[in-house]
Amino acid sequence: MRFLHDCWYVCWRELLHFLRSKVTILASISQPLVWLLLVGHIFQATSTLRGFPARSYLDFMTPGVLAMVALFGGSFGGMTIVWDRRVGFLSKLLALPISRASIVIGKMLSVAIRTSLQLVIVLLVAFFLGVRSATGVWGIPLLLLIAVLLTFAFAGISLTVGALVKQPETFWAVVNFLTVPVLFTSSALFPLEFVPSWLRTIAYLNPVTYAIDAIRALMIGGWQWSAVAGGVLVVVVFSGIVAGISTAIFTRRVELSTL
Amino acid sequence: MVIIQVDKLLKTYGQLEAVRRVSFQVNAGEVFGFLGPNGAGKTTTILMLTTLLKPSGGRAVVCGHDIERQPARVRESVGYVSQEIAVDEFLTGRENLWLHGRLYHIPSKELEHRVAEAARMVDLTDRLNDLVGTYSGGMRKRLDIAEGLLHRPQLIFLDEPTLGLDIQTRRKIWDYIRELRQGGLTVFLTTHYMEEADQLCDRVAIIDRGELKALDTPQSLKAWLGGDVITIGLADSSEAASERARSLFAGFDWISRVDIHPQGLVLIARNGDAAMPRLVQAASENGLEIASLALKRPSLDDVFLTYTGRELREEEGGADAFRRMSRGVRQARS
Chain A
50 MRFLHDCWYV CWRELLHFLR SKVTILASIS QPLVWLLLVG HIFQATSTLR
100 GFPARSYLDF MTPGVLAMVA LFGGSFGGMT IVWDRRVGFL SKLLALPISR
150 ASIVIGKMLS VAIRTSLQLV IVLLVAFFLG VRSATGVWGI PLLLLIAVLL
200 TFAFAGISLT VGALVKQPET FWAVVNFLTV PVLFTSSALF PLEFVPSWLR
250 TIAYLNPVTY AIDAIRALMI GGWQWSAVAG GVLVVVVFSG IVAGISTAIF
300 TRRVELSTL
Chain B
115 MVIIQVDKLL KTYGQLEAVR RVSFQVNAGE VFGFLGPNGA GKTTTILMLT
165 TLLKPSGGRA VVCGHDIERQ PARVRESVGY VSQEIAVDEF LTGRENLWLH
215 GRLYHIPSKE LEHRVAEAAR MVDLTDRLND LVGTYSGGMR KRLDIAEGLL
265 HRPQLIFLDE PTLGLDIQTR RKIWDYIREL RQGGLTVFLT THYMEEADQL
315 CDRVAIIDRG ELKALDTPQS LKAWLGGDVI TIGLADSSEA ASERARSLFA
365 GFDWISRVDI HPQGLVLIAR NGDAAMPRLV QAASENGLEI ASLALKRPSL
415 DDVFLTYTGR ELREEEGGAD AFRRMSRGVR QARS
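Chains as they are written, first to last, in our numbering: chain A, 50 to 308; chain B, 115 to 448.
The hints are simulated quantities; they were obtained by calculation from the structure and are not laboratory data. Please note that the accuracy of each hint is not assured.
Lysine to aspartate or glutamate pairs mimicking DMTMM-like chemistry, simulated, CA-CA at most 20 Å apart [unchecked claim]:
1. 286/B <-> 231/B
2. 168/B <-> 131/B
3. 327/B <-> 121/B
4. 71/A <-> 203/B
5. 336/B <-> 312/B
6. 71/A <-> 209/B
7. 71/A <-> 244/B
8. 215/A <-> 198/B
9. 286/B <-> 309/B
10. 122/B <-> 180/B
11. 286/B <-> 312/B
12. 122/B <-> 182/B
Facing chain A, a subset of chain B residues (Cβ under 10 Å, in silico) [stated by the list, open to error]:
13. 192
14. 195
15. 258
16. 329
17. 331
We treat Cβ as the ideally placed atom computed from N, Cα and C, and that holds for glycine.
Looking at chain B on its own, in the form it has when it is part of the complex (with noise of 0.2 Å):
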């Protein structure tokens, strides 16, 4: 069953197009995921699917009402986790929590039932009635998530869940996004982390300047590749150097691929532990020093790479096109 089905969704703030009319479907009960760097129109996308932002063209069925026909239907159908953790500080645990299950029009005595039980589901039950200022960063996002659980929505969506938490809080969440997943709960995520993608979702979409490049299951992102990735460094850095190593290796019929990047030639070899000696032989003997070599399984940071040409971790380059777009957006405010 399609629980979103997204037509050509476009986003336009003046010259700049932040969502560049993409189309995709997301199963109901998958966790799907949105891959991509700061500024790639993650973010833009969900707020048009939670309809808080109108689309500048092409269309969104969420949970079967149409995003710009029926808001309020849709609002209702979905929870929504923001990449800002808008809990109240000046509230306690328990008024958020209060406060949010109201506005969702939940009757006070099945309410106290959920309060109780999102805060058990999110480790919260001790601390429910402090105020949110003391709490942790990890703490105040699940509060949030919680409070996104509160009216039991069909779907739900998680912009950059766990961006800027530490590693434990971050598993932590995880842990709770498969026992959403294992209750039936359909969860569109977001993540500019590739070990997020691969580890929590069932399906994986990767954006890039409002964008999608490509989107299947993890596994299968990674099989498309074709074999594993040898990263390979010239001593020779010059550009000279770089075109002729790629003529050479490209004439193997047991590299699938080769790109030249900053870090160096990035290849992807079929059986890729025999492949190494054999490069290196036939760049020795073709007068190519290799100043180092590397050999790792395909990850989702290579597909992301393969597809865009750009490592997804280049944060600068992140930051950049982050600025660029919110420039942007300032100016077609304006």
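Isolated chain A, as found in the complex (with noise of 0.2 Å):
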């Protein structure tokens, strides 16, 4: 209870500053509309080709964009840690009677709730050029869910880097190192159908692929429970799996880092 209640004053910090900063809200509302009207439309004459799994391309991109918006959303995260032991404000966290690991799950969850109402808009904008879920209202909650988790894990990844670089300039390096490739080595831009066999079998190895899977078979497939299930449960293990190792470096990091 204890845990809970100081992993949301965590958060409840970092969602002030998210609410104060109207060039941060501005963007964070923009940003998903770009990618959907453009990303949503840049790969279009791959909807002709036959075999192609959805009625239009937007109604298959539309999962693809929910993804990279959580996983560019949630790799922003770090930063905050970053900018925390720049400032001090840090060690003044690490001197307080609070476990270490709500500080790193507390600023997930604000990550994750601030990124959702990305994945909203995203939502909202393509009703709005006709794509409609095949499962109609009911599947929307549950592919909001996954896309959740999936912020919510790849936040915790960028407070992993957060906690073991120090400046800004090398965080960033290193997050896009690590985001680009794990968004193009997945489903969210093509069919998996439609690429070499050796990047279907990595695209299967990426957890980001059975979260988009499982949104897709909400979306375009209507109720597929296995393809739904495989997807919550993957993105529910990766996301445990990435709270645990982050939260593990994040306390053995600060031990030295706060000179």
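Given two chains presented individually in distinct reference frames, assemble the corresponding complex, making use of the accompanying hints.
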């Protein structure tokens, strides 16, 4: 109970930061729009290929854009650790009688909450562009949950990087190095039927693929329980593992790094 | 009653010994000062005592809890205000205090009172609902100190509480510290300002290059010098002349100590007023021309100089030592 209370207050602070910065809010709202309008049309021609798994490219891409938002939104999270360390706030948090895990989980939570706002915007815009979910309104909470868990996991990866590096430049270099390949080796942008088999193998090692496939199943295929359950299982296990590793690394690193 | 017990505490970064097996005690209710230049090991010691840094050796008990075995208990019983002014500028003063208090698990109802009380104490009541981004440096520091007091700790660590603040704010913070002491709180502060240690502390430990050089009340430390401080500048600044003057002055029984420092010869003399004309006379009889002569009552500065052979205010040296140390730390980590 106390742990959740501590997580919530760490999260509360981050959310206040978000709400106080008009530019950040504006950027977070417009970014998913751009993703959908741009990425949603850029490879439109692929939809004319035989065997394309959706009615239109936009139908196919909306789940991919949700995953992109989750990925990029989540990967922002670690910056707050780099920043807190710079201004000395991190030592202050560490001197409090709260567990170190609550700092990590609280920050992950705040990233998940603010990114879920972006995810909802993507869905709304997609709706106006004519995208309809096969499972209707009832599938939406479930697919949002999958996307939010994915965000949570990537926030954890990003926080781990944030705990390991000290400079913002290094942080962004490492995070971009990690997220972009993860995106391109997933099923976000192309149907895996169209890619070389070696890439398909990699894609099926990538947890993001399972999340996207589950979302895609809900939006295009309907209630395909095996894909949905598989996706939920993968993101739950994945975010659990990431939260554990991230907390362990953070706890170890901050011992050395407060000076 | 002893509130901090430190035994042979050690912190090393590779080859570099930042804190070299220091031992001391702090009594409940006193203002205890760690005085030393930048890079002396003051902050490293505080970080170990607040459980933020693992010691490489030795042990310490803070408020009855072992810093390595019961870090959570230590963190609950002490307040810590770091050298950096670590308040969140995107939050209001009230939100900062609220966040801090809630993370100390103070119930909301009680916390409301304490926030108001803490704000009153540091004179921030009027500005509590403003974003901290609009606060001056002094106000931020005051807010930071208020946060450290919210959970009513038995002991508060203040790392360089007045660093970089103007004189007025500094005096205000001194007043708060005096008030805290009157309220029964134990204060452990570090400073590299002599005046601060002299004015505020019941006892002062002089620390230099990771070692404790002396520990006593400011009065005893000054009395230990055994007299007034006379600084003599010779017209002939050669080493030979300085040495000759040193052996001459050291021969008088009313001179307890002669040191050669870059600024001249520093003498500790019993009854400085009477000593000055006698020194001038002795010098001229021996063919030494005195260019300048200064007498002052001993200050902690002189104590520091005597113990370490260096002036505390050698900012250059301080910064240098700090760079050396941070380099050592970086190397040790890579």
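Okay, the hints, checked on the actual structure:
Proposed proximity of residue 286/B and residue 231/B is supported: the alpha carbons are some 17 Å apart, at most 20 Å. Proximity of residue 168/B to residue 131/B is assessed by CA-CA distance (about 14 Å); at most 20 Å being required, the pair is judged to hold. With a C-alpha separation of about 15 Å, the suggested pairing of residue 327/B with residue 121/B holds against the 20 Å cut-off. A distance of roughly 16 Å separates the Cα atoms of residue 71/A and residue 203/B; the hinted pair therefore holds under the 20 Å criterion.
For the hint linking residue 336/B to residue 312/B, the alpha-carbon distance of about 10 Å falls within 20 Å, and the restraint holds. At most 20 Å may separate the alpha-carbon atoms for a hinted pair to count; residue 71/A and residue 209/B meet this at roughly 19 Å. A threshold of 20 Å between alpha carbons decides the hint, and for residue 71/A with residue 244/B the separation of about 17 Å falls inside it, so the pair holds. With a CA separation close to 17 Å, the supplied pair residue 215/A and residue 198/B stays within the 20 Å bound.
Our distance criterion of 20 Å between C-alpha atoms is met by residue 286/B and residue 309/B, whose separation comes to about 14 Å. This hinted pair checks out: residue 122/B and residue 180/B have alpha carbons roughly 14 Å apart, not beyond 20 Å. The hinted pair formed by residue 286/B and residue 312/B meets the criterion: a straight-line CA distance of about 16 Å does not exceed 20 Å. Taking the CA atoms of residue 122/B and residue 182/B, the gap is near 14 Å; set against the 20 Å cutoff, the hint holds.
Taken as an interface hint, residue 192/B checks out: its beta carbon lies about 8 Å from the nearest beta carbon of chain A, inside 10 Å. At a threshold of 10 Å, the smallest CB-CB gap from residue 195/B to chain A is about 9 Å, leaving the interface hint in force. The interface hint given for residue 258/B holds, since its Cβ lies 8 Å from the closest Cβ of chain A, which is under the 10 Å cut-off. Of the supplied interface hints, the one on residue 329/B is violated, with its beta-carbon coming no nearer than about 24 Å to a beta-carbon of chain A, more than 10 Å.
Interface restraint check: residue 331/B against chain A, minimum CB-CB distance 29 Å, threshold 10 Å, status violated.
When held up to the earlier numbered hints, the structure conflicts with 16 and 17 and fits the remainder.
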